[in-house]
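> So you can see what is in the structure, the chains are spelled out below.
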Amino acid sequence: MAQTRRDFLKKTAALSAASYVGVHLPFDGTALAGTEEGITWHPGTCRLCGSGCRLELGVKKGEPVGLRGIPGARTNFGYLCMKGMLFWKCMRHPDRLTTPLYREKKTDPFRKISWDQALDIAAARFADAVRQHGNDSVAYYGSGQALTEETYLFQKIMRGGLQTNNVEGNPRLCMASAVGGYLTSFGADEPIGGYADMEKATCFFIIGSNTAEAHPVLFRRIMRRKLDNPEVKVINADPRLSQTSRIADKHLQFRPGTDLALLNGMANVIMEEKLYDQNFLSTYATFRQGKEKKEVSLDDYRKFVAGYTPEKVAGICGGNITADDIRQVARWFATATGTVSLWTMGINQRKRGVWANNLIHNLHILTGQLLKEGADSLSLTGQPNACGGVREGGGLCHILPGHRLVKKEKLRNQVEDAWGIPRGRIPPKPGYHTMAMFSAVNDGRIKAIWINCTSPAQSLPNCDHYNKGLAREDVFIVCTDIFPTRTTEYANLVLPTAFHFEKTGVYGCTERRSQLTRKAIDPPGDARPEVWIVREWAARLADRMKDPVISQCIKPFSGLDASYDLPRAIWTEYTQKVTKGRDNDLRGATYEVLARMADGVQWPALDEKYALTGGTTKKFVKGKDPLATIHSQNDLPYQFYGPAHPDRKLWVWLRPQADPEEMPDAGYPFYLSTGRIIDHWHTMSMTGRVPELLRANPYAYVEINPRDARRLGISPGDMVEVRSRRGVNLLPAKVYEGPVEGMVFVYWHDQEESRMINKVTKDAFDPGSKEPEFKICAATVRRVSGPRPLKPFLVRG
Amino acid sequence: MNRRKFLRRVPAWAAILLAWPVSLRAGILASPVATNRLRPPGAVPEDLFAGRCIRCGRCVEVCPYHAITLLDIRAGVFAGTPLIAVEQIPCTLCMKCVQVCPTGTLARIGQEQTRMGLAVINRFTCLAWSGKTLCRTCYDKCPFKNRAIVLDRLKPVIREDTCTGCGLCTHACPVTDDLGLKAVNIEPIYAHAE
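Line by line, the protein sequences give chains A and B. According to the numbering used here, the stretch in the first sequence is residues -15 to 781, in order. According to the numbering used here, the stretch in the second sequence is residues 604 to 797, in order.
Certain hints may be false.
Covered stretches of chain B (chain A as the covering partner; in silico rule of three or more C-beta atoms under 8 Å from a C-beta of chain A) [claimed, not checked]:
| # | stretch |
| --- | --- |
| 1 | 666 to 673 |
| 2 | 676 to 687 |
| 3 | 749 to 757 |
| 4 | 770 to 777 |
Read the hints as simulated data drawn from the structure, not as lab findings. All residues carry an ideal CB built from backbone N, CA and C; glycine is no exception.
Could you build the full structure based on these sequences and the hints that come with them?
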């Protein structure tokens, strides 16, 4: 072990100092013992959730041997969760896809083919579809896990090359409502602050997020803050008592679907008790109402929230909530020196997800808990590159890269000019959003679809309904993935791709931070990076369709080495040409700068010198955000410049309580909600292949409140049928004081047919954000039998 | 075989047992109960177990999770008695076995009175204690959440007054050391109690 006397003394001193103040540093004797000879460590970003933890992959003789955190990173300070520490074990899993697979009919078995044949088939089928059925008969469905370079290149070929805006991605299922919320309230997408506010906050308002399980490393920061400063208040609002509730000073357990009333009730207290910041409101905010965004006055708003007295709201919310609880948390929220709100799917996956987002932002705008240190309205993302790749990189049907709306001609022309393609090439009409896209697959309007790095056959709500479309023989499906999934079972062509650390690219996490991961090992077999696949496919498309514009789309990238030069060229084009002058200006975040940072760069970062400081920690604050300084029109400390608000102000919205699409009734008396567990991630294709994680949670179960269980005669471990109007699951019961009475909770990772809860969930969606209401539907619960031994299940291809 | 024949053979068996090499004799008489090798819930003290249990196998049959296994001839005089290897399949505390035991070898107790053993955390191999990662798998899997295992500054701590020794934590623990032990193991400390 290479360790000098000096190193040893330094570490000893650090450790004694740390133990003296009660901190546990993430390096220690055992970790040091792990630094044996022959292992090289390659920095990168975690492949799993949206926290953006930085870590290093240990490589010995070209094979991965472990992962460890990077202590200098401002996202995780060296801490990792179990998933983050263990995901390297799926890299060399025998189930990895290693050669292109093809079948003419979906009932046939797959046969192995060469890359040449595979790309020819893909190009031929897409070209035929465009020729025979028009440009909108082809579609791309991507992922918040694809690298920014991949999403950007895919959407470039689809929009510029095939002239369709049918570019979507699974972030529609997870954070479209947050985008809508930020745009309508602040005028610009993505949070104003970041994680650094957690260390300065004195009040946390966590609603609709089980941070402890879904974002464990961020939860550590909240917990650390609370433990060091017991006077810090943590408020958790959730119909289910979760692991996050454990550190809460107040847990508000409301009936599912009454969150909008609860948030308006808090606003009522703030208005009644004059806890709002009059100065901040009159300088920076206006009040808005309705679809036509009509401007109203503070008095109108006061009258509106007067209808949500704490007493009335407590009645609507049910559960354990009293009027005094609502008053108490509103006071904590308003009077803290800094309040940070955190939410995820519980708020976003709602019929009125955008409204729920608006109402959280309202509380921050009213009380001025925004823009200052330790205060932020922070929507957590669930995927590592939902923010960076899809929100910023143009991965949704209505947006172009750089936060540009498709329907604005000026913005389309900017992109067309940057790409060097004729103006008018990008069609003006937005494409199908996710639910419309899969409905179009069902109707046969889409003839060829490319599904990249995601598994809609398991992750769409009411998935049985949409899987009928995926099974149609006249719909040609290409899947690019690393493992067989429920979706590859419907594919005609399966293309094996390189995994994280087997290719180079950038991930952008929750707090506007872009981070680079460089290739450290070779992909197994004949798996290739997506950027290579798209470039080669596009070259063949250009030949087949005799379209020079498609060639133009890939011209800057031809001949480049796919492991580094190609993604670098794509990133350079995207940042230097396309984000220039936009609010997510990334011109300073070049590969060279990103490679020098322990973590990454938070945009806006206009030049390299500024980017090397880490970028912008607070948007809109003059002196901290270079764009705010540039846009500045007066002497006030803050300047808003969001493209969606021409008046350059924050908007407080009047949004009424709205019930979920489907409410429990006599036939289906329970609320059904779904969520995540700490050991697994999404459709489990990666975490299910890590033995340690699978053993801890081998299959899904249904959580039932003990009082409901007693009424239904359900004992722990009994097999229980969960049925809705759409589908049925058979799950073991966990009788647990978690969900509120009248609600059951199922986690959605399991791939086994009878335990895939998205067969049961409802596919209603938010009319604004088009995000489906996964979190609430009506179900009935029935005991089927006593406990049965169950086996974990993964699709093996 | 009638009673008379059986009794007549007893001295012969005793003689065989005495003539058995001493080293093997210890194996025949040694209790199989050890770290992570536990009797089902409500078991009488180990000294009495072999004498009380009639090897009917009903507890094995009723266990819905196949956690209880029947020991075979290699267990010597303990052959035919039930045992749970918690790191393989832990006890889910469904308490079905104690209901069917005909002899009271497994006393009819409730979940919370069960004392199959006590979970003990090895702070050197535990990922949370050794500071390697934010693991709290045992805490999450414990059926008496926040009672039998609590978190002290994100590190798991066992509360011996509540831990039943069911082994759900042992089974889920992601660490397996060279000896096949987990970072949290069940020690059968009550098996030899008075």
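> Decide, hint by hint, whether the structure agrees.
Hint-by-hint comparison with the structure:
1. 666 to 673: Answer holds; 3 residues pass the 8 Å Cβ test.
2. 676 to 687: violated (count 0)
3. 749 to 757: Holds: 3 residues of the stretch 749 to 757 of chain B have a Cβ under 8 Å from chain A.
4. 770 to 777: holds (count 3)
Of the hints listed earlier, the one the structure fails to meet is number 2.
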